[in-house]
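Participant: In case you want the letters, here they are:
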Amino acid sequence: SAVISQKPSRDICQRGTSLTIQCQVDSQVTMMFWYRQQPGQSLTLIATANQGSEATYESGFVIDKFPISRPNLTFSTLTVSNMSPEDSSIYLCSVEEDRVGEQYFGPGTRLTVT
Amino acid sequence: AQSVTQLGSHVSVSEGALVLLRCNYSSSVPPYLFWYVQYPNQGLQLLLKYTTGATLVKGINGFEAEFKKSETSFHLTKPSAHMSDAAEYFCAVYTGTASKLTFGTGTRLQVTL
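These protein sequences, in sequence, are chains A and B. Take 1 as the starting number for the first sequence in this note's numbering and just add one per residue. Take 1 as the starting number for the second sequence in this note's numbering and just add one per residue.
A couple of the hints might just be wrong.
[As the list claims (entries may be wrong)] Straight-line C-alpha distance at most 27 Å; calculated BS3-like pairs for lysine-lysine:
#1 A:Lys-7 / B:Lys-100
#2 A:Lys-65 / A:Lys-7
#3 B:Lys-68 / B:Lys-100
#4 B:Lys-68 / B:Lys-58
#5 B:Lys-100 / B:Lys-58
#6 A:Lys-65 / B:Lys-100
Simulated from the structure, these hints should not be mistaken for laboratory data. Every value quoted in this text rests on a predicted model; they were computed, and no experiment measured them.
Construct the complete structure from the given sequences, taking the supplied hints into account.
Facilitator: Below, the structure is given as structure tokens:
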């Protein structure tokens with residue numbers, strides 16, 4: 001199974017600034033996903049990031065707010081732009097290898113916006 | 001559309017007692033069903049999954065779940081709870097129609113002595 005790391009593990013940011021979260025996988029994967037987990041809540045899919053194509057965003061999430069890069073098959077970044085306190089969440093990346101729905105998750109980035 | 005409902009946001013059991021975490025799904029097409037576990041300050045880890053075939057599926061750490069189509073349920077059980085089972089458990093559904101995982105709201109399992 002894939003091993004995923006994320007940087008930073010946590011950060012405290014001021015409103016109006018941006019933060020870029022990195023996701024590194026130890027093997028080449030096609031499908032990568034970014035999720036948001038708000039305090040005490042479930043995971044919400046932000047977007048699907050496949051190498052060589054534009055990210056596909058879910059309803060309620062837009063590229064201007066959450067730009068995503070996927071330069072190769074082992075790396076992706078998610079930027080949270082113009083942050084507000086409502087963006088305080090855990091952001092998780094995941095990958096899907098051979099079996100649909102079977103995803104491997106990174107440890108998450110805990111973001112607090114003040 | 002697909003959705004998942006987990007009854008009980010918090011469940012507390014004594015060590016050695018039966019664990020039962022409930023999950024019901026809604027899907028217009030045959031679903032794939034999953035249980036994921038999240039330990040404190042960690043990402044999610046796959047516990048078990050149902051795709052096709054045998055409706056009783058076994059996962060890691062002694063957990064199992066049974067797919068009941070007539071009840072649209074996929075409840076997670078473990079005969080004897082251990083302190084190390086304390087975590088957040090998420091049920092999830094996947095269909096080819098949506099082509100994505102949809103998670104339930106999670107159930108926090110507490111295990112007491």
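Participant: Does the structure break any of the earlier hints, and which numbers would those be?
Facilitator: none
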